[in-house]
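**Student:** Sequence:
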Amino acid sequence: MKIALPGSDAIEALIRVKEDNDCIFITGFFYKYDVKINDLSIDIEPKENFEYNPKDIFHLAWYV
Numbered sequence: 001m002k003i004a005l006p007g008s009d010a011i012e013a014l015i016r017v018k019e020d021n022d023c024i025f026i027t028g029f030f031y032k033y034d035v036k037i038n039d040l041s042i043d044i045e046p047k048e049n050f051e052y053n054p055k056d057i058f059h060l061a062w063y064v
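One point on numbering: in this note's numbering, the residue at position 27 of the sequence shown is 27, and numbering is uninterrupted.
If you are wondering where the hints come from, they were derived from the structure by calculation, not from laboratory data.
Treat each hint with caution, since some may be false.
[Stated by the list, open to error] Here are the simulated lysine-lysine pairs, DSBU-like style, with alpha carbons at most 30 Å apart: (1) K55 - K18; (2) K32 - K18; (3) K36 - K47; (4) K47 - K32; (5) K55 - K2.
[Stated by the list, open to error] Listed next, with one range per pair, are the computed distances between beta-carbon atoms: (6) E19 - N53: 21 to 27 Å; (7) E48 - T27: 14 to 20 Å; (8) S8 - N49: 32 to 38 Å; (9) S8 - H59: 17 to 23 Å; (10) D34 - E12: 19 to 25 Å; (11) R16 - I57: 18 to 24 Å.
Where a beta carbon is used, it is the ideal one built from N, C-alpha and C, also for glycine.
All chains should be built: construct the whole structure from the sequences, respecting the hints.
**Tutor:** Structure representation (structure tokens):
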């Protein structure tokens, strides 16, 4: 799944949270999904034994 992000600030926020483990939800998101961060989008694939959960995507969008 590819998700377009509103700009570079959103990407920087995701990278910062992933590195700092500041937000429990975002940390859990990276635990459940393989996330590839591009210039203005992210590619998301669920890891083994996990499935897409629309609530996860909604909460990620809300955070960004």
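**Student:** A separate judgement is required for each hint: does it hold in the structure or not?
**Tutor:** Do the hints match the structure? See the list:
The suggested pairing of K55 with K18 holds, with an alpha-carbon distance near 19 Å, which does not exceed 30 Å. For the given pair, K32 sits about 13 Å from K18 by alpha-carbon distance, which is consistent with the 30 Å threshold. Taking the CA atoms of K36 and K47, the gap is about 13 Å. The hint holds against a cut of 30 Å. In summary, the hint linking K47 to K32 is supported, as the alpha carbons are separated by about 6 Å, within the 30 Å threshold.
A threshold of 30 Å between alpha carbons decides the hint, and for K55 with K2 the separation of about 16 Å falls inside it, so the pair holds. Between E19 and N53 the Cβ separation comes to about 24 Å, which falls inside the hinted range of 21 to 27 Å. For the hinted restraint 14 to 20 Å between E48 and T27, the CB-CB distance of approximately 18 Å keeps it satisfied. S8 and N49 have their C-beta atoms about 33 Å apart, which keeps the hinted 32 to 38 Å range intact.
In this structure the hint that S8 and H59 lie 17 to 23 Å apart at CB holds, the actual value being about 21 Å. Taking 19 to 25 Å as the suggested C-beta distance range, the pair D34 and E12 conforms, at roughly 20 Å. In this structure the hint that R16 and I57 lie 18 to 24 Å apart at CB holds, the actual value being about 20 Å.
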